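Colleague: Sequence:
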Amino acid sequence: FCNPLVQVGGSVWIRASAYALPSALLTLLVVVLDQRISPGFMKDWGIGMLNNSTIWNATTYILIFLIAFRTKQGFSRFWEGTGLLHQMKGEWFDTVSNIVTFTITSK
1 FCNPLVQVGG SVWIRASAYA LPSALLTLLV VVLDQRISPG FMKDWGIGML NNSTIWNATT
61 YILIFLIAFR TKQGFSRFWE GTGLLHQMKG EWFDTVSNIV TFTITSK
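Quick note on numbering: our numbering labels position 68 of the sequence shown as 68, and the sequence is numbered without any gaps.
Check each hint, because a few of them may be wrong.
[Claimed, not checked] Now the in silico label distances, taken between C-beta atoms and shown as ranges:
1) I55 <-> A16: 53 to 63 Å
2) I62 <-> S97: 27 to 37 Å
3) V31 <-> A58: 12 to 22 Å
4) R77 <-> I14: 44 to 54 Å
5) G74 <-> S53: 39 to 49 Å
6) Y19 <-> T71: 47 to 57 Å
7) E91 <-> I14: 34 to 44 Å
8) H86 <-> F65: 14 to 24 Å
9) V31 <-> I64: 46 to 56 Å
10) I55 <-> S17: 28 to 38 Å
11) W92 <-> A58: 47 to 57 Å
Calculated from the structure, these hints are not laboratory results. Please read all numbers here as calculations on a predicted model, not as lab measurements. We put the CB at the ideal spot given by N, CA and C, even for glycine.
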């Protein structure tokens with residue numbers, strides 16, 4: 001049961017960790033600098049001016065953009081597949097009509 005969750009080959013966890021770990025370490029560094037080493041570090045650098053609504057708005061805009069992009073890609077793949085399906089149906093119809101025509105004339 002757990003083997004597919006922790007496999008290394010073909011796993012998305014390795015690629016996701018490559019993006020997540022540096023961000024987490026940078027966040028940890030900023031928090032440690034602000035609380036332990038240099039109090040007021042976030043205000044000096046202007047990080048403390050960000051409030052919750054600013055962060056939520058930025059996150060919401062990024063998620064909306066990503067969802068819209070993925071939806072557009074999905075719709076384009078769907079319509080391309082639909083077109084190819086209709087093309088295949090036409091090819092099969094032509095093939096069957098040729099077979100019927102040739103078998104009728106061969107008698």
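Colleague: Would you mind marking each hint as holding or not holding in the structure?
Modeller: Quick rundown of the hints versus the structure:
1. Remark: the range hint 53 to 63 Å for I55 to A16 is contradicted by a beta-carbon distance near 21 Å.
2. In this structure, I62 and S97 break the distance hint of 27 to 37 Å, their C-beta atoms being roughly 53 Å apart.
3. For V31 and A58, the hinted distance range of 12 to 22 Å is satisfied, since their beta carbons lie about 19 Å from each other.
4. Taken as a hint, the range 44 to 54 Å is violated for the pair R77 and I14, whose Cβ atoms sit roughly 26 Å apart.
5. Taking the beta carbon of each, G74 and S53 are about 31 Å apart, not inside 39 to 49 Å as hinted.
6. Distance hint for Y19 and T71: a CB-CB separation of about 22 Å, inconsistent with the stated range 47 to 57 Å.
7. Separated by about 42 Å at the C-beta atoms, E91 and I14 satisfy the suggested range of 34 to 44 Å.
8. Distance hint for H86 and F65: a CB-CB separation of about 32 Å, inconsistent with the stated range 14 to 24 Å.
9. The hinted window of 46 to 56 Å between V31 and I64 is violated, with their beta carbons roughly 28 Å apart.
10. Remark: the range hint 28 to 38 Å for I55 to S17 is contradicted by a beta-carbon distance near 23 Å.
11. Take W92 and A58: their Cβ atoms lie about 51 Å apart, and the range 47 to 57 Å holds.
Checked against the numbered hints above, the structure violates hints 1, 2, 4, 5, 6, 8, 9, 10; every other hint is satisfied.
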